[in-house]
Amino acid sequence: MTESQPAAEQPQQDGGAAPAAAAAAPSRRAVLGWGGAGLALGAAAAGGAAAAFGGGSDMVSASAAGAAVPFHGAHQAGIASAVQDRLHFAAFDVKTKDRAALVGLLKEWTAAARLMTAGLPVGDVYEGLPEAPPTDTGEALGLKASRLTLTVGFGPGLFAKDRFGLEGRRPEALVDLELFPGDNLDPARSGGDLCVQACADDPQVAVHAIRQLARIGFGRVAVRWSQLGFGKTSSTTPDEQTPRNMMGFKDGTRNISGTDKAALDKHVWVGAGDGSDWLTGGSYLVARRIRMNIETWDRTPLQEQEDIFGRDKGEGAPVGKSKEHDEPFLKAMKPQAHVRLAHPDTNNGATILRRGYSFTDGTDGLGRLDAGLFFLAYQRDVRTGFVPIQRNLAKSDVLNEYIQHVGSAVFAVPPGVRDKDDWWGRALFA
Amino acid sequence: MRPARLTVAAATAVVALTVATGCSQKSDAGDDAIRVAASDSACDVSKTEFPAGKVQIDVENKGSKVTEVYVLFPDARIVTERENIGPGTKASITAEIKAGDYEIVCKPGMKGDGIAQKVKATGAKGAAEEKRSPEADAAVAAYRAYVVAQAEETLPKAQAFADAVRAGDVEAAKKAYAPSRIGWERTEPVAESFGDIDPKVDVREDGLEAGQDPAKDWTGWHRLEKSLWADNKIDDNDKKLADTLIADLTDWQKKVGQAEITPTSIANGAKELLDEVATGKVTGEEERYSHTDLVDFKANVEGAQKAYDLLKPIAEKNDPELSKQLDAQFAALNTLLDKYRADKTSYEFTSYDKVGEAERKELSDGVNALAEPLSKLAAAVAK
Chain A
1 MTESQPAAEQ PQQDGGAAPA AAAAAPSRRA VLGWGGAGLA LGAAAAGGAA
51 AAFGGGSDMV SASAAGAAVP FHGAHQAGIA SAVQDRLHFA AFDVKTKDRA
101 ALVGLLKEWT AAARLMTAGL PVGDVYEGLP EAPPTDTGEA LGLKASRLTL
151 TVGFGPGLFA KDRFGLEGRR PEALVDLELF PGDNLDPARS GGDLCVQACA
201 DDPQVAVHAI RQLARIGFGR VAVRWSQLGF GKTSSTTPDE QTPRNMMGFK
251 DGTRNISGTD KAALDKHVWV GAGDGSDWLT GGSYLVARRI RMNIETWDRT
301 PLQEQEDIFG RDKGEGAPVG KSKEHDEPFL KAMKPQAHVR LAHPDTNNGA
351 TILRRGYSFT DGTDGLGRLD AGLFFLAYQR DVRTGFVPIQ RNLAKSDVLN
401 EYIQHVGSAV FAVPPGVRDK DDWWGRALFA
Chain Z
431 MRPARLTVAA ATAVVALTVA TGCSQKSDAG DDAIRVAASD SACDVSKTEF
481 PAGKVQIDVE NKGSKVTEVY VLFPDARIVT ERENIGPGTK ASITAEIKAG
531 DYEIVCKPGM KGDGIAQKVK ATGAKGAAEE KRSPEADAAV AAYRAYVVAQ
581 AEETLPKAQA FADAVRAGDV EAAKKAYAPS RIGWERTEPV AESFGDIDPK
631 VDVREDGLEA GQDPAKDWTG WHRLEKSLWA DNKIDDNDKK LADTLIADLT
681 DWQKKVGQAE ITPTSIANGA KELLDEVATG KVTGEEERYS HTDLVDFKAN
731 VEGAQKAYDL LKPIAEKNDP ELSKQLDAQF AALNTLLDKY RADKTSYEFT
781 SYDKVGEAER KELSDGVNAL AEPLSKLAAA VAK
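Chains A and Z, in that order, are what the protein sequence lines are.
Under the numbering used here, the first residue of the first sequence is numbered 1, with each subsequent residue one higher.
Under the numbering used here, the first residue of the second sequence is numbered 431, with each subsequent residue one higher.
For reference, chain A alone in the conformation it holds in the complex:
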């Protein structure tokens, strides 16, 4: 569910749980003195933002920053939704062996996500017993919803034999990713039974959300790894200015637009006939932590940088063209240029929706910036989406000299939570 989809596909958008929850718990806005009206305003602003996206101004995300993205819908928010500025992504190991406990967790997570995405705390912040810790940790109190989206995915481990009785329900397209040439994967930054992607315009809102879910989960799940991201590297709103990655190049020029229903249906959403009915309306997520050799890149001549990508650094225009959005002429690029190798025409039409983020986790022991791209790609089928593209890139992309894949995970992302009685994964556990 995103604010940029047709209204017809947004059941419960303005009704349902969020206003009801506002009555039950103090809103972050209520604390600011806006009261319940603030929530209605937030919902209206989300609609307004959708209308405003055509404007082509990068002011749009700023004006929409306070808005709440509807939580309920046919698809989970956080996939086709306009990409927010910040990310906290977490992968969890499931510790419980009890299927009912896992189901209970998903229900509790859903309820908490419903509140948080509406800008509400999960329970008491300072109204509870003084001798007990508050239920909500409180650092998002007074902050707006900040377009928070929470998106859940199920890793291959969840479908393992003799675990939760789900072995027969593992989608064929949820493949264990092969080890691609050049991969240097750290198991401590890879895999996971569950993932939660929290995107928001305010990093504190995203971090708060993951922190609450981790806390709710203690005993049933444990955080395996997590990643903070600070600068979106591709947008789903092509009319906005294309953001730049840590190498200084515009990234995501030809990404799938969040409003392009035909492209989303073709390349992103799992269709009714794709197998695994429980996943219809869902998607597949590939997450890769891609470390960049920042220092050597920064010593690379401009011409070489541009040759590596196949686009110029200033405008982002493909080789031989003058404007960013001009149709690229692949044969004009060097044979091993990144854009040429990643292009759908080079990969039998393989197309993925990217919503990755830049990351910087300080510096490593050698004083090198520990930075790069936390790559997130959604697709209808991993086997025809990420895999062929990455095979092609891993084999010959000249960019490989400057990057290394150090973390990897794949998840089946269930469809959206339809209404206040629904929960993440209900169809899978039915």
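Mixed in with the good hints there might be a few duds.
Said to hold, decoys possible - Below, in silico cross-link-like pairs of lysine-lysine (DSBU-like), each with a Cα-Cα straight-line distance of 35 Å or less:
| id | chain 1 | residue 1 | chain 2 | residue 2 |
| --- | --- | --- | --- | --- |
| 1 | A | LYS420 | Z | LYS813 |
| 2 | A | LYS97 | Z | LYS791 |
| 3 | A | LYS107 | Z | LYS769 |
| 4 | A | LYS420 | Z | LYS747 |
| 5 | A | LYS95 | Z | LYS736 |
| 6 | Z | LYS742 | A | LYS107 |
| 7 | Z | LYS754 | A | LYS420 |
| 8 | Z | LYS742 | A | LYS97 |
| 9 | A | LYS95 | Z | LYS769 |
| 10 | A | LYS107 | Z | LYS736 |
| 11 | A | LYS107 | Z | LYS754 |
| 12 | A | LYS161 | Z | LYS769 |
| 13 | Z | LYS747 | A | LYS107 |
To be verified - Between beta-carbon pairs, the in silico distance windows are:
| id | chain 1 | residue 1 | chain 2 | residue 2 | range |
| --- | --- | --- | --- | --- | --- |
| 14 | Z | LYS605 | A | GLN204 | 49 to 57 Å |
| 15 | Z | ALA788 | A | VAL175 | 21 to 29 Å |
| 16 | Z | ASN514 | A | PHE230 | 29 to 37 Å |
| 17 | Z | GLY714 | A | GLU127 | 36 to 44 Å |
| 18 | A | ARG368 | Z | ALA506 | 47 to 55 Å |
| 19 | A | LYS107 | Z | GLY518 | 49 to 57 Å |
| 20 | A | GLU127 | Z | ASP531 | 33 to 41 Å |
| 21 | A | PHE230 | Z | THR680 | 53 to 61 Å |
| 22 | A | LEU366 | Z | ASN514 | 35 to 43 Å |
| 23 | Z | GLY714 | A | ARG368 | 25 to 33 Å |
| 24 | Z | ASN662 | A | ALA188 | 32 to 40 Å |
| 25 | Z | ASP505 | A | LEU141 | 37 to 45 Å |
Everything labelled a hint here was simulated from the structure, so no lab data went into it.
Glycine included, C-beta positions come from ideal geometry on N, C-alpha and C.
Model the placement of chain Z on the given structure of chain A, informed by the hints.
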């Protein structure tokens, strides 16, 4: 141990207040407040006599150094405290204080003995005592007996450790070291409530305050741990330190029976024991030379479990779901710990430097799985 933690006595002060009134109180003491003007050389108190009950102390730091203010019992146990009051700033401290004699102490620069001022809380003795159920009284009495017994059992084991040090027998001392700490670790939050003992017996080198000299001011178990494992020798100073350790632990054993204990302080004490595991043991910081962290770990869990078992009749009634969860998570963590010892009665655990990253993560996950529900025990007991 961390010097800046909330002590059981301080927790008690807050808890007694809450249970007595049945709801949380906002600060409204107003003109009844005791004003403390702290400077680099003075600790002026606006009144030295005040009625027992809820007391608000408004501190203003007029000096040039960061200060801290304590309210102490005559035997130096902490009633309540506030640290890090910056120059030119104000702070407000609220506590439930029973009738009796106390000291208000300012510590400019947050070191040394500070500047003390004798004060008196007047009124009926014990007027602020919380009303409790017979089950709660039974839990408090049994827990008090437990902490006393732990101190009594610890003394001979500490004596054996000290004897080995005094005899210069490195191997025997190493063997006696971890067992001598078990009783302390089981009841650590209560032991720490005697604010002057904990820094003497259980401080680590990095826990020393600014201006303290490790060569002169560092005493207790961990100083000897360093001599035994890092230096692998015992010198004359270590032998003196063994005497000091016994003197300090004897002091603890004498005082422990008078500790302030309430049902909620038992519950929060159990949670604090898990906090100790989560911040010090699971990281291997506590026993960085001897690597006997898992012995402390087990002792902390045992102490927490004892506290929980005593409160369980109350918790089960008020929050059956929570008590089910706690039963399961205690069992799971104990099963996990058993993997690191030969049998279920042995306190010889695997040396923590032999415990790999993945195993430490598993232990940490187990601690989180127990500590999170355990943090809800106080609320279940206070219901």
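These are the hints, each one checked on the structure:
For the hint pairing A:LYS420 with Z:LYS813, the CA-to-CA distance comes to about 30 Å; that is within 35 Å, so the pair holds. Taking the CA atoms of A:LYS97 and Z:LYS791, the gap is about 18 Å. The hint holds against a cut of 35 Å. Note on A:LYS107 and Z:LYS769: the hinted pairing holds, with a Cα-Cα distance of about 33 Å set against a maximum of 35 Å. This hinted pair checks out: A:LYS420 and Z:LYS747 have alpha carbons roughly 31 Å apart, not beyond 35 Å.
With a C-alpha separation of about 25 Å, the suggested pairing of A:LYS95 with Z:LYS736 holds against the 35 Å cut-off. Restraint check for Z:LYS742 and A:LYS107: satisfied, since their Cα atoms lie roughly 28 Å apart, inside the 35 Å limit. Taking the CA atoms of Z:LYS754 and A:LYS420, the gap is near 28 Å; set against the 35 Å cutoff, the hint holds. Simply put, Z:LYS742 and A:LYS97 have alpha-carbon atoms about 25 Å apart, close enough for the 35 Å limit, and the pair holds.
For the hint linking A:LYS95 to Z:LYS769, the alpha-carbon distance of about 17 Å falls within 35 Å, and the restraint holds. For the suggested pair A:LYS107 and Z:LYS736, the alpha carbons sit about 33 Å apart, so the restraint of at most 35 Å is met. Restraint check for A:LYS107 and Z:LYS754: satisfied, since their Cα atoms lie roughly 19 Å apart, inside the 35 Å limit. Simply put, A:LYS161 and Z:LYS769 have alpha-carbon atoms about 25 Å apart, close enough for the 35 Å limit, and the pair holds.
With a CA separation close to 26 Å, the supplied pair Z:LYS747 and A:LYS107 stays within the 35 Å bound. Between Z:LYS605 and A:GLN204 the beta carbon distance is about 51 Å. The supplied range of 49 to 57 Å therefore holds. Hint check: Z:ALA788 to A:VAL175, Cβ distance near 25 Å, so the stated range 21 to 29 Å holds. Between Z:ASN514 and A:PHE230 the C-beta distance comes to about 31 Å, which sits within the given range of 29 to 37 Å.
At roughly 39 Å, the beta carbons of Z:GLY714 and A:GLU127 sit within the given window of 36 to 44 Å. Taking the beta carbon of each, A:ARG368 and Z:ALA506 are about 52 Å apart, inside 47 to 55 Å as hinted. A hinted range of 49 to 57 Å holds for the C-beta pair A:LYS107 and Z:GLY518, which are about 51 Å apart. At about 37 Å, the beta-carbon gap between A:GLU127 and Z:ASP531 stays in the expected band of 33 to 41 Å.
Taking 53 to 61 Å as the suggested C-beta distance range, the pair A:PHE230 and Z:THR680 conforms, at roughly 56 Å. Judged by the Cβ atoms, the range 35 to 43 Å given for A:LEU366 and Z:ASN514 holds: they are separated by roughly 36 Å. A hinted range of 25 to 33 Å holds for the C-beta pair Z:GLY714 and A:ARG368, which are about 28 Å apart. As the Cβ distance of Z:ASN662 to A:ALA188 is approximately 34 Å, the hint placing it in 32 to 40 Å holds.
A C-beta distance of roughly 41 Å is found between Z:ASP505 and A:LEU141, which places it inside the suggested range of 37 to 45 Å.
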